[in-house]
Structure formats: structure tokens, C-alpha cells
Amino acid sequence: MSGSPALWSYLAAAPLTWLTVTLLAFLGASILSRALRHSPLANPVLVSVCIIATVLWLGGTDYDSYFEGAQFIHFLLGPATVSLAAPLFDNRGTIRRLAAPILLALIVGSSVAVLSAVALAQAFGLPEPVILSLSPKSTTAPVAIGISEAVGGIPGLTAVLVILTGVIGAVIVTPLMNLLRIRDWRARGFAVGVAAHGIGTARAFQVNETAGAYAGVGMALNALLTSLLVPLLVSWLI
Amino acid sequence: MLSALSLLLTCQLAGELVTRGAGLPMPGPVVGLAMLLALLVARPSLIETIRPTAAITLANLSLFFVPAGVGVVANLDVLSADWPAILAVLALSTVLAMLAAVGAFLAALRLLRRDEA
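Going down the list, the sequences are from chains A and B.
Residue numbering for the first sequence is 1 to 238, as defined by the working numbering.
Residue numbering for the second sequence is 1 to 117, as defined by the working numbering.
One or more of the hints may lead you astray.
What the simulated footprint calls covered on chain B by chain A, stretch by stretch (three residues with Cβ under 8 Å from a Cβ of chain A suffice, anywhere in the stretch; the number is not a length) [said to hold, decoys possible]:
#1 9 to 17
#2 25 to 33
#3 45 to 55
#4 65 to 72
#5 82 to 88
#6 103 to 109
These are calculated hints, taken from the structure and not from any lab test.
Please read these numbers as outputs of a predicted model, since none were measured by experiment.
Here a beta-carbon is modelled for each residue, glycine too, at the ideal position from N, C-alpha and C.
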């Protein structure tokens with residue numbers, strides 16, 4: 001092991017290392033998630049973040065060196081956000097058919113998601129950067145990270161809060177809707193899409209195909225509305 | 001693939017130029033999304049160019065936010081005291097948002113049906 005310190009310092013500084021570690025961690029986490037039948041609690045993003053954080057901690061690597069490599073993956077958030085236009089366009093028939101319920105539920109659900117997060121966070125006395133990072137938590141992660149950056153939150157914190165929101169929504173939605181005896185799959189799906197973005201949408205698809213389609217529409221429309229709402233509300237509330 | 005990627009990046013770049021140029025507080029890619037949607041409405045045949053590439057990016061969407069998620073390790077010690085409150089806010093706010101959305105959706109459906117009847 002005589003050459004290992006030199007080898008380690010090469011590896012720790014090379015962007016290739018962290019790009020590869022990120023891909024392998026996510027691949028491993030995806031296999032685990034599949035083995036656990038896509039349980040929301042074994043979310044691949046949460047699991048791979050934990051794996052990578054442990055690797056960084058064990059190797060004494062700071063986040064900046066890690067990001068040198070991981071930025072190539074991070075960059076793809078932008079084009080991925082733009083490509084959300086495709087499923088939205090493909091679902092235009094659905095949106096047109098039920099325009100009134102969809103628009104009303106979107107405006108009400110999206111406003112409650114943002115307002116309740118900010119008001120509760122203020123009531124709990126959380127620091128301002130945390131409140132700002134919390135505000136877009138119901139929006140799909142690439143858009144939420146962009147909103148957080150734009151209003152002065154902590155993008156990394158927003159990423160984790162968004163994922164936790166998705167996991168909470170995905171775990172709660174079915175028992176909550178059954179408890180309230182709501183049987184309309186369109187309403188159930190749309191609500192979880194607005195409140196818990198992609199992770200909620202994935203859960204809706206597992207339960208019912210119609211619920212999944214409406215959840216996808218709710219998620220995409222909410223991404224558009226929240227990026228208007230949060231900057232407006234932030235300048236007004238905080 | 002190449003033309004789809006060019007179209008996605010062009011929309012994103014245009015979105016960044018608009019938001020930065022006009023000093024808008026919203027993320028540039030979201031304006032890019034709106035622009036692409038407008039293009040698709042104007043020329044529906046474009047969807048065939050976009051769809052395969054969009055399907056690939058969207059299927060791997062969760063991978064793309066891992067690097068930002070790892071960023072939270074940088075804030076972990078600062079926030080350790082706040083985590084119980086943060087989790088409470090997330091859980092309460094998510095339930096409230098779901099109840100509000102499902103209530104509004106059902107109420108609007110009921111109004112529509114009454115109009116038709």
C-alpha cells in the first residue's frame with residue numbers, strides 16, 4: 001500500500017471519481033428500491049445521498065471537491081425541467097376536459113402548500129434561510145432548487161426537503177384519502193401531484209392509473225404556478 | 001436526439017436570458033418550459049422530436065438532484081437543532097395542501113355537475 005496516499009489524493013481530486021461514485025450510489029439505491037417494491041421510505045435519492053455523504057465523510061472530502069465531478073449531473077436539472085413541457089402537452093386533452101376543477105385545485109392546493117409551509121415555519125421560529133428553502137417544498141426538485149436559488153434559500157437543503165415532502169406525501173396519501181372516503185381517483189391523484197410532486201406521482205401510479213395521470217398533470221402545473229407564487233409571497237411575507 | 005437536446009438547451013438559454021435580463025425572480029428553466037410549451041402548441045408536430053429525449057431525461061430525473069441533495073451534508077450540523085420542527089412543518093403542510101387540493105377539485109366537480117343537471 002506504499003503508493004496509496006498519492007493514489008487517494010489523485011482520486012479525491014478527480015471529477016471522474018465523484019461522477020462515478022454518484023452514478024454507482026444511485027444505481028445501488030435503485031436496485032435496493034426495486035427489491036423493496038418501490039417503498040417510498042427507500043427513496044433512491046435519499047439512500048444515495050446517505051451513501052455518498054458517508055463516502056465523503058470517510059475519505060475526508062469536502063463538498064466543493066465532490067461538486068467538481070457531480071456538477072455534470074447537476075447541470076442536467078435545467079434541460080430536464082424544460083422537458084416537463086412534453087408530458088404537459090401530451091396531457092392537454094385531460095386538462096381541457098376538466099379545466100375548472102384542475103385550475104381551482106391547482107390554485108388552492110399550490111397556495112396552501114406554500115403559505116402553510118412559510119406560516120408554520122415562522123410559528124416554529126425557524127431561521128429565515130430555512131423558511132426560504134422550505135417554501136417551494138411541494139414543487140418538483142429541479143424547479144424547487146431553481147426557486148430556492150432565486151429567492152435566497154439553500155438549494156442543497158431545498159433538495160432534501162423536497163424529497164422528504166415527497167416521501168411524506170406518498171406514505172400519507174392513501175390512508176388519508178381512504179379515511180376521508182374520497183373515491184374519485186382524479187381528485188386523489190391531482191392532490192398528491194400538487195402536494196408531493198414526482199414521488200407522490202410515482203405512488204399514485206402504483207395505486208391507480210388514472211390517479212397517476214392526474215398526479216403528473218398536478219405536478220407539472222404546480223411547478224409553473226409555484227415559481228410565480230414563491231417569489232411574490234416571499235417579498236410580501238418575509 | 002441531437003435536435004431535441006438543442007431545442008431543450010435553446011429554450012433553457014432563452015429562459016435564462018429572459019429572467020436575468022428582466023430581473024425576474026423565477027428560475028430560467030421554468031420560463032424555458034413555458035416557451036417550449038408555447039412552441040408545441042404552435043407546432044404540435046414538434047412533440048415527435050422532443051418525446052424520446054424527454055422520456056429519457058424524465059425517467060432519470062431523480063438522479064439529477066442527488067448532487068444538490070448531498071449539499072445538505074454541508075448544512076447538517078447547523079440545522080441539527082431544527083430538524084424536529086422542520087419535519088413537523090413538512091408533514092403538516094403536506095397534509096394541508098393535499099386536503100385543500102382534493103377539496104377544491106371535488107367542490108368544482110360538484111358545481112359542474114349541478115350546472116349540467
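To see whether the hints hold, each was checked on the structure:
1. 9 to 17: holds (count 4)
2. 25 to 33: holds (count 8)
3. 45 to 55: Our answer is that it holds, as 6 residues pass the Cβ test (under 8 Å) against chain A, meeting three.
4. 65 to 72: holds (count 8)
5. 82 to 88: holds (count 5)
6. 103 to 109: holds (count 7)
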